[in-house]
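Colleague: Here is what each chain is made of, one letter per residue.
There are 2 protein chains.
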Amino acid sequence: MLIDHLNWRYATKKMNPEKSVPEDKIAAILDALRLAPTSSGLQPFEIMIVTDPAIRAELKDASYGQAQLVDASHVLVFAAWDDYTAERIDMVRDETGAGRGGVTDQIKAYYENLKSNYVGRGADVNFEHAARQAYIALGVALAAAAEQRVDATPMEGFDPKAYDAILGLREKGLNSVVVLPLGYRADAGDWLADQPKVRRDPAILFSRVG
Amino acid sequence: MLIDHLNWRYATKKMNPEKSVPEDKIAAILDALRLAPTSSGLQPFEIMIVTDPAIRAELKDASYGQAQLVDASHVLVFAAWDDYTAERIDMVRDETGAGRGGVTDQIKAYYENLKSNYVGRGADVNFEHAARQAYIALGVALAAAAEQRVDATPMEGFDPKAYDAILGLREKGLNSVVVLPLGYRADAGDWLADQPKVRRDPAILFSRVG
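Sequences listed follow chains A and B, in order.
Sequential numbering from 10 applies to the first sequence in the numbering used here.
Sequential numbering from 10 applies to the second sequence in the numbering used here.
Since the hints were derived computationally from the structure, they do not count as laboratory data.
Wrong hints could be hidden among the right ones.
For identical chains, the list gives no copy identity; a pair is met inside one copy or between any two copies.
What the hints assert, rightly or not - In silico EDC-like cross-links for lysine to aspartate or glutamate, where the CA-CA straight-line distance does not exceed 16 Å: (1) Lys206 to Glu104; (2) Lys170 to Asp70; (3) Lys206 to Asp40; (4) Lys23 to Asp199; (5) Lys206 to Asp103; (6) Lys206 to Asp13; (7) Lys23 to Asp203; (8) Lys28 to Asp61; (9) Lys117 to Asp61; (10) Lys124 to Asp99; (11) Lys170 to Asp91.
Go ahead and model the full structure; you've got the sequences and the hints to work with.
Modeller: Structure representation (structure tokens):
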């Protein structure tokens, strides 16, 4: 059950550098992430899967030295579109058409409407919107990693501009937004591993209306 | 498996108004949502669970008339903190302390550091950051609903200011960010129900580095 997976996981502070996540588990996590729903199905982001040790060492330096960047075996970098453009929306339209028997008039009208709503609205607004969609995928990826009993550490504590430079993201019109090292918890030395999981009081978090 | 749940779900366009989601399934979805990780564990949002039919009718009017608002039995409104304040961060500090044997010096220092980083950074920046955290919880809630075989329709197509007024969110320092009706798909009349699920090409979505 999902609830058991979520209770198993925690934001791992110390990964075991000797253990790599098998590729079939990485594939399962990516398959789930790809199925995450997004606004109008645009999936306005790309995911970099970084395994190269030298590049992960650079990413660590751009992440306040957090060791999970090098002790995990795979680092997922979620990079959101810097803007919605007609070209990008047309690309998704064509992919959708390919999956649904052709770009029908209905499909065409749907994406024309999206373009008239999104394109030119301002890159800042569009980037923030795209970033939120990446966070839905992050939530699903975290659940998937836990189901696979793969440890994961969602991270915002990094320098996005440095990441963008290291990974060549700006040339692709992408901005890094959140990072997810995947690996296995170390046997010892993780201050958070034995702490009780704490969440906010449901009486505060949830309100019933009606 | 999560992947099966995600393949089962779709953004339901027509719900069956005769069928209500049992409260034990709502509880399971909320339990999972509450376990979603968030930046520094702040969980900077609240969730309104709206069942009152008259209020759902008002929400429908503020959602371009989308019928799921009234045909679903429960509507989750995700409302993010409008800013990070010292009071809010202290509240989470005290809750964390209560769950971990008291507000130790280490815990105190952790939240003091958060306050010095977040408070006064600007409400707009802080709200956007809080909204992203709510989207992680949305991703987990979607997975949880699918596991419970409860249909769900994530929605951004609504008037946040109208929602805030209907639900009294501004008085609580909250802004509505995304909506999730929960119910059961209708037997007929949903144009999307029989469409193949389309997602972007993994060769575009994913890039290997290393």
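Colleague: Look at each hint and say if it fits the structure.
Modeller: Hint check:
1. In this assembly of identical chains, lysine 206 and glutamate 104 lie within 16 Å of each other by CA distance solely across copies; the values are 12 Å between and 42 Å within a copy.
2. Taking the shortest alpha-carbon separations for lysine 170 and aspartate 70, only the intra-copy value of 13 Å comes in at or below 16 Å, while the best inter-copy value is 42 Å.
3. In this assembly of identical chains, the alpha carbons of lysine 206 and aspartate 40 lie at most 16 Å apart only when taken from different copies (13 Å versus 28 Å within one copy).
4. For the homomeric pair lysine 23 and aspartate 199, the shortest alpha-carbon distance inside one copy (5 Å) is at most 16 Å, but the shortest distance between copies (48 Å) is not.
5. With identical chains, the CA atoms of lysine 206 and aspartate 103 are at most 16 Å apart between copies only, with a shortest distance of 14 Å across copies and 45 Å within one.
6. In this assembly of identical chains, lysine 206 and aspartate 13 lie within 16 Å of each other by CA distance solely inside one copy; the values are 13 Å within and 28 Å between copies.
7. For the homomeric pair lysine 23 and aspartate 203, the shortest alpha-carbon distance inside one copy (12 Å) is at most 16 Å, but the shortest distance between copies (45 Å) is not.
8. For the homomeric pair lysine 28 and aspartate 61, the shortest alpha-carbon distance inside one copy (15 Å) is at most 16 Å, but the shortest distance between copies (51 Å) is not.
9. In this assembly of identical chains, the alpha carbons of lysine 117 and aspartate 61 never lie at most 16 Å apart, being 41 Å within a copy and 38 Å across copies at closest.
10. In the homo-oligomer, the alpha carbons of lysine 124 and aspartate 99 lie at most 16 Å apart inside one protomer (9 Å), although the nearest pairing across protomers, at 43 Å, exceeds that limit.
11. Within a single copy, lysine 170 and aspartate 91 get their C-alpha atoms as close as 13 Å, which meets the 16 Å cut-off; across copies the closest is 26 Å, which misses it.
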